[in-house]
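From first to last, the protein sequence lines stand for chains S and L.
Each residue of the first sequence is one higher than the one before, starting from 0 at the first, in numbering that gives the first Met the number 0.
Each residue of the second sequence is one higher than the one before, starting from 0 at the first, in numbering that gives the first Met the number 0.
Hints in this document: simulated from the structure, not taken from any laboratory.
Just so you know, not all the hints are guaranteed correct.
If you anchor each label on the Cβ, the simulated ranges turn out as follows [as the list claims (entries may be wrong)]:
hint: 1; chain 1: L; residue 1: T176; chain 2: S; residue 2: R50; range: 31 to 41 angstroms
hint: 2; chain 1: S; residue 1: P29; chain 2: L; residue 2: E527; range: 28 to 38 angstroms
hint: 3; chain 1: S; residue 1: R50; chain 2: L; residue 2: S223; range: 31 to 41 angstroms
hint: 4; chain 1: L; residue 1: E323; chain 2: S; residue 2: E61; range: 49 to 59 angstroms
hint: 5; chain 1: S; residue 1: R50; chain 2: L; residue 2: K500; range: 42 to 52 angstroms
hint: 6; chain 1: S; residue 1: L20; chain 2: L; residue 2: D268; range: 46 to 56 angstroms
Don't be surprised by glycine CBs; every beta carbon is placed ideally from N, CA and C.
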Amino acid sequence: MKFVIKKLITLIITLLLISFLSFTAFSVIPGDAALSRLGKDATEEQLEALRDKLGLDDPLPERYGNWLSGAVRGDFGESYRYEGITVSSLLADRLPVTVLLAVTSLIMILIISIPLGILSARFSGKWIDTVTNQLTQIIMAVPPFFLGMILTYVFGLVLHFFQPGKFVLPTENLRESVRYLLYPALAVALPKIAMVIKFLRNSVISEMKQDYVRTAFSKGNTDNAVLYVHVLKNALIPVITFLAMVAAEILAGSIVVEQVFSVPGLGRLLISSITSRDYPVVQAIVLYVTAVVVIMNFVVDILYQVLDPRVKTV
Amino acid sequence: MFFKKYLKSFKISCFFSQICYNVKDNLIMREYYEFERKQTMKKKHLLSGVMALLLSVALCACGGDKGTEVTSAEETKSEAAAEESSGEESSNTLSAGTPVPGGSVIFGMTQDLASLDPHVETDAGTRDVVFNLYEGLVKPTSTGDLVPAVASDYEVSDDAKVYTFTLRDGITFHDGTPVTIEDVKYSIDRYAEIQGESSAFSIVADASIKDEKTIEVTLNESYSEFLPMMTLAIIPESNEDPVGSPIGTGPFKFVSYTPGQNIVLEKYDGYWQEGVPSLDKVEFKFIADVDTAYMELQAGSIDILKYLTTAQAETIGEDYNIVEGSMNLVHGMYLNSGEGPLSETKVRQALCYGVDRDAINNFLFGGKSHIIGTHMIPNMSKYYEEKAETVYSYDPEKAKALLEEAGYPDGFDLVITVPSSYSQHVDTAQIIADQLSQIGVRTTLNQVDWSTWLEDVYKGGNFQATVIGFDGTMVPSDLIKKYTTGDSKNFMHYSNEEYDKVFAEAFATIDDAKKVELYKQCQMILAEDAAAVFIEDPANLVAVRKNLAGYTFYPTAAEDMAALYQVAE
């Protein structure tokens, strides 16, 4: 219990720090939200009126205070960019899409990388290991947006497995939505799959050199028994930490991929909000991402204890 | 240990993505060099070209069937080209097949709307869309004229001070209520209030209702360019939420708007023009970037996409017609003449001689753009001064001589600030940088994002040179007023006494012929004084799905979906 409370306090402090940092960062970089919205033909009066309405001319501490007092009550205010639309409603439309995308790619990572990682460790040095090794090396080097374009081209325009741009919202038709998301999810997942395979393979191979493995073999265990009963349990511990990092990273990867596949998720919103200097929206998304990362780490800490009883709550 | 390995692969991946980004930038230059090389090769090796031709003819003859196939394909191609040009002659639109009522269109846009409030100043992209929702007392046509819309008739007093409009009989808003003269007054007053004192609209002294069909707009002073301002949207006074649920009198009515995704409109059955619109439903879909938009076009998720590159237009395939028009932009390199070497006319002229406009046009637009020499859109043919096009020609030697005369025999350093999100501007700037290096001007590119550009360059006037395109309304003074000394939009710090004088005179003149003459004079001053390096009005290649016809270009920001109709395939 104490552990949970401690973690919760860490979460809150992190969120506060991050929100303050991003708030300051945005007041330092050039660009004016009012100007972005009204464009280059706006008159000085129109700009003044809008700045006044949005409170852009208030000093930084005051603006941060106003924002914070709203955020604590769950009110993230109105978007600067879209007149009369609240940040919460903008996020509410997009959150399910991004979560669905993240979950789909996480599942892909798990079901593809773990078997392949074990396989390539089991047959290390054999052809199957060499092939996966080379493939993972290549895939890791390809940036997600490029991978996304290749996938769109191959699966969308050549094979017609899906129609780029014809995304259906999950609230309208979940099955169709997931069917479309398979491809962006693949673009997000592939580089991570490659990383996890490599990581798992190395982890298993180095575990294999441990003393207890020799003992297990000397007791008459077969190769498979040693691997699945003894080694894997230990080899998976660092992999799980790594997977949590990957889960957080999926969010970052999906920002670019959403753009390429025209998926109306948080990532696309984040990019357009930064371009139009829509701080309230950026703030909210940054907070959300931070929260996910911190909570992920928290989950890992707990998992760690479950998997490895030697690790005690510090 | 594995962390190390992971780190290594991570580094590799970072390295590669970095390369990818760099490559994207370098690629355009490499393509450009290649292109230039080919051009010079063309000239130099005419003879070998002829040889190659002979050889290929011989090969074709050997190939037999293959050869005939090639010619037949070429024939159909030229046939199609002929069809297109004849279409252009008739009405600048595509006309083929029999119209079928109904149907829908998805129009791809690469930017979201600024606001649905028609009275708030917005960008061209937004005006393109809301053109279908709202109408003013008068509205623009594709030929650049103004025709009565919400008004059925108008009258201008001889001194161009009083404009009288008669309300059209039986015209209704999208909610079915009739348009009243009070709504008209309300709209004019609301527009004036939102635009503010410093706007051009402050010239209006008063809008007064004469009777239930007539309204009289009085100006503070005579101004014969006022009528285009009366394209301001007429909206109902009773609508309490003009942004959230917009109501107008246009051919399409509002259905829904999802920020960042789309806006959906449907046919308004009570539209005052009989038989218009033909389509039942129109969707403007916002797509994050141009490459994605092109992919969606290929996949058939959108029906119309503007601003294709020449390469895209060539590869799009049979499902689409390519309609050619112009972007109605004054595209050029604008210079801060307030300080440094650029404050000297000779230096600016040297830049004009040092930039090869044809090369830019050929490379980026397949030679389809209209080369310009001053700040006016060629489609505004009444005012456009053609003579300005030939003031400068590409002449690096003359440019060097001018630089030497101005006291810069070794050239100078020039930073071009460009908005990074517009590849057209970035590509142009890169080509210019390369060309200017040949006359000794050491040019570097500074890419900034759009918001930064707006604040630093456009509002702050804090730059040396920038590549950008200016759009315009149908009012000529709107385009060139920014060159007058101290104008609020004069971000170039340009100042020329003679220009100020002629512009002021042109602005105040009522007599049409004399006004045109003076505006042309203004344009010549801008050209000869090298106020900026004017390049072109870029070609606009629009892909329109084969089942649609009637796509129409306007000389102002308008995507007229009412002109579109479905055809039998």
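Which constraints among the numbered hints does this structure fail? Numbers only, ascending.
5
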